[in-house]
Amino acid sequence: MTRTHTYDVVVVGAGGAGMRAAIEASDKVSTAVISKLYPTRSHTGAAQGGVCAALANVEEDSPEWHAFDTVKGGDYLVDQPAAQLMTEEAIDAIYQLEHWGLPFNRTSDGKIDQRRFGGHTRNHGEGPVRRACYAADRTGHMILQTLYQQCVKRDVTFFNEYYCLDLLRDADGATAGVVAYELANGELHVFRAKSVVFATGGYGRMFRVTSNAHALTGDGPAVAYRRGIPLEDMEFFQFHPTGLYRLGVLLSEAARGEGGIVRNKDGERFMERYAPTIKDLAPRDVVSRSIYQEIKEGRGDGPNADYVYLDLTHLPAALIEEKLPDITEFARVYLQVEPTKEPVPIQPTAHYAMGGIPTDVDGRVVTGADERVVPGLYAAGECACVSVHGANRLGTNSLLDIIVFGRRSGADAARHASETSLPEVPADPVADTLARLNGLLTRDRGEGTPDIRKDLQDMMFDEAFVVRTEESLKRAEQALGELRERYDEIGVQDKSAIYNTDLMEAVELGYLLDCADTLVASAAARTESRGGHFREDHPLRDDANWLKHSLANRRDDGSVDLEYKPVKTGPYIPMERKY
Amino acid sequence: MATAAEVLNQSERQRVGGDPTKVTLQLRIRRFNPEVSEDSWWDEFTVAAHPLDRLVEVLHEVKWRQDGTLSFRRSCAHGICGSDAMLINGRNALACKVLVGDVEPKVTIEPIRGLPVLKDLIVDMDPFLEGYRSVLPYLIDDGSEPDKERYQSPEDRHRFDDTTKCILCAACTTSCPVFWGDEGYVGPAAIVNAHRFIFDSRDDAGRERLKILSERTGVFRCRTTFNCTDACPRGIEVTKAIQEVKRAILFERF
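Order-wise, the sequence lines are chains R and D.
Sequence positions in the first sequence follow the working numbering and run 1 to 579.
Sequence positions in the second sequence follow the working numbering and run 1 to 254.
What the hints contain is simulated information worked out from the structure, not anything from laboratory work.
Some hints here could point you the wrong way.
Derived DMTMM-like pairs: lysine to aspartate or glutamate, alpha-carbon spacing no greater than 25 Å straight-line [what the hints assert, rightly or not]:
hint, chain 1, residue 1, chain 2, residue 2
1, D, K211, R, D155
2, R, K28, D, D147
3, R, K111, D, D141
4, R, K111, D, D67
5, R, K153, D, D67
6, R, K495, D, D67
7, R, K153, D, D156
8, R, K495, D, E38
9, R, K111, D, D203
10, D, K148, R, E88
11, R, K153, D, D102
12, R, K153, D, D141
13, D, K22, R, E338
14, R, K279, R, E60
15, D, K165, D, D141
The calculated label-pair distances, taken between Cβ atoms and stated as ranges, are [unchecked claim]:
hint, chain 1, residue 1, chain 2, residue 2, range
16, R, R436, D, D147, 14 to 24 Å
17, D, N89, R, A497, 25 to 35 Å
18, R, R415, D, E38, 50 to 60 Å
19, D, P105, R, R332, 17 to 27 Å
20, D, S37, R, A317, 32 to 42 Å
21, R, H314, D, R65, 39 to 49 Å
Glycine residues also receive a C-beta, built at the ideal position from the N, C-alpha and C atoms.
Sequences and hints are given; from them, build the entire structure.
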């Protein structure tokens, strides 16, 4: 049975970007949020260290310095007008969160307190600056809670535990809605809408070691990709240097902002060699590569010599307790290490997708090198690529991204909806989805999801992680072809209509495979190193040939067709990236 | 103070991912699927796991290797999203914050109590969220906001810090005997979220919330059993927060 709903705006995903968009849109037009998780389960809640804005509450700062840091941190692949806009709007966005009740830590005179973070500098790199606003080390939790509270206040309509399975477009390509699966009873729903905002988060679950939740499987990007939307800059994935060893659970960069030091097995503060000016506060791609180099040269520790340490032992216990309570608890619970007394084993962890669904600064999805707007389609947050993060996102810019571009996309989605009539959905809008689900449910003897997913995660960790080469990416391409063949024969054990998470895990694996296809193809083509994309066989940045965004289009046979579009430049001329 | 090198050379570090000796864990899980039976039943599984493995990963091992129909909620798997509250060996906890070494050789897992079970370990969260929504869980002020941030002293900010940690996992509310028995009681989590605003110096609706919580369904149902405080995976002093709300109602002091 299929049920049909009609709204002006449908938001897919209820993390920070989705709820911020919904708040903006629901004030103006009829709006619904569909989310595969209860809103407060979204992974925005796992963000720790801070959200940045040049408030200059504790020392001199300016949005212009923030924009420079964002562009340089992104290794000049950032669209500079977007970064300028984001850093200027940052200040009011933070004040608005405060007005909505977000419990920021405070200075002694009652202002929002700010602290240091990787890559945030005063006056174009002269030294660290305190720019990150924070609520202990649970800033994302407080943003998620505050936005949910505002949604409750406004009585925003949520469809919880609904999975988005398809994007509907009319004959002219305009957005007509989405198809969703209700987990509680297995029913399909058609949500007709004039505007659809994708805010589905990242896809770190394609890697074995990741800070990402199980839910982060690239649903929005994959659904859009299958309906003719390209994916931008997919080769740029951020590997966060301080993941808890083996588990990948994030230990915030705030730990280094508060004075934490990364050390190798000899106890050496090795970042002094790689980033002499700001050392441990170098951006994440730089620190992750340095850790890789240390481990490669035999200075990793442990039975497999494959981890280094985050050392907080020299910091006052009271400071750790007040400003980093959650991450110290992670170390205690999961590794049984006492961070006030002993250093914590860490390794780089797949953390954040810089790439995603291409949008302009109003969240409107654009396709092709000439950036044609897809009417009514929007994306915001990690699943989108504006691009404000370029080749490497600066710490705390993700929480800023979701509130600035969540708001802008919600506003423009509402504007668009109020100016257009409801597009027609295709005849039998659920036919494709139903065929896909029935295929999974009726195949009795297919291989299960877990083995294929594990092989994907191991393979991507081995071949397409912190360091890549032509050979490793060729192997990855080959392996993805084989995984795809196995996936096409996949079966699920649970045939139930009620809470069939077995079935949804199989669907999610399909999304991960699509995202991995585009990541590997884009990475294989880009014969340079920039930000999070490091090619050992092409270790230098090559602005003459590669100062451009990748666009991965899906061909009908499922293969990836790459095209490129120029970076929107601005006042900051690309220069060597030293810290 | 020891040098970093000395610190690093403590022998304890070998335990981290060191000896991969696995232990055998026997799981007894309460199952329910209305498509199969009106009654719940017990299933038993045996899994080999590392003592530092999280229980949620053991449940995955069962689901992914033994019985794909086993259903439970989970997402972040490190105690932040609040999806996987369960009754584990008779106590409420998040399955991602319980380690195999804490419970081996045997563990019994059931859905949290007091909410309708929908399938296996999945319960209906709506009654829980209704309680949450009833206490006006959002900042209410007079609307005269400054152009910049409102000022709040670190002391005023600290006053409600503990109750800002709540992740709405329902471990506290579903450990409360009063909640099991009294369908109207809003439960500990709702009171925690009311506390978070009542004691926020920026909020103007404390009186309104205290009125809601002084009604029959409110704080005075609490019998101070401390189950909620024991159950909270975020370490919130839930009972203390409830007592503070009770006192605020009695003495109009907040």
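Hints, one by one, checked against the model:
1. Using a Cα cut-off of 25 Å, the hinted pair K211 of chain D and D155 of chain R holds, with the two alpha carbons roughly 22 Å apart.
2. A hinted pair counts as satisfied when its Cα atoms are at most 25 Å apart, and K28 of chain R with D147 of chain D qualifies at roughly 23 Å.
3. Annotation: proposed proximity of K111 of chain R to D141 of chain D holds, straight-line Cα distance about 18 Å (limit 25 Å).
4. Restraint check for K111 of chain R and D67 of chain D: the C-alpha separation of about 54 Å exceeds 25 Å, so the hint is violated.
5. Restraint check: the Cα-Cα separation between K153 of chain R and D67 of chain D comes to about 41 Å, which exceeds 25 Å; the hinted pair is violated.
6. Of the pairs offered as hints, the one joining K495 of chain R and D67 of chain D holds, with about 12 Å between alpha carbons and a cut-off of 25 Å not exceeded.
7. Between K153 of chain R and D156 of chain D, the direct Cα distance comes to roughly 24 Å. Compliance with the 25 Å bound is thereby established for this hinted pair.
8. Using a Cα cut-off of 25 Å, the hinted pair K495 of chain R and E38 of chain D holds, with the two alpha carbons roughly 18 Å apart.
9. The hinted pair formed by K111 of chain R and D203 of chain D meets the criterion: a straight-line CA distance of about 17 Å does not exceed 25 Å.
10. Under the criterion of a C-alpha separation no larger than 25 Å, the hint pairing K148 of chain D with E88 of chain R is consistent with the structure, at around 14 Å.
11. About 41 Å separates the Cα atoms of K153 of chain R and D102 of chain D, which puts this hinted pair outside 25 Å; it is violated.
12. Of the supplied pair hints, the one linking K153 of chain R and D141 of chain D holds, its CA atoms being roughly 13 Å apart against a limit of 25 Å.
13. Taking the CA atoms of K22 of chain D and E338 of chain R, the gap is near 23 Å; set against the 25 Å cutoff, the hint holds.
14. Restraint check for K279 of chain R and E60 of chain R: the C-alpha separation of about 22 Å stays at or below 25 Å, so the hint holds.
15. Proximity of K165 of chain D to D141 of chain D is assessed by CA-CA distance (about 22 Å); at most 25 Å being required, the pair is judged to hold.
16. Roughly 52 Å separates the CB atoms of R436 of chain R and D147 of chain D, a value that falls outside the hinted 14 to 24 Å.
17. A C-beta distance of roughly 32 Å is found between N89 of chain D and A497 of chain R, which places it inside the suggested range of 25 to 35 Å.
18. For the hinted restraint 50 to 60 Å between R415 of chain R and E38 of chain D, the CB-CB distance of approximately 51 Å keeps it satisfied.
19. Look at P105 of chain D against R332 of chain R: about 24 Å separates their beta carbons, and that is inside 17 to 27 Å.
20. Look at S37 of chain D against A317 of chain R: about 54 Å separates their beta carbons, and that is not inside 32 to 42 Å.
21. Evaluation of the 39 to 49 Å hint for H314 of chain R and R65 of chain D yields a pass: the beta carbon distance comes to about 44 Å.
In summary, the numbered hints that this structure violates are 4, 5, 11, 16, 20.
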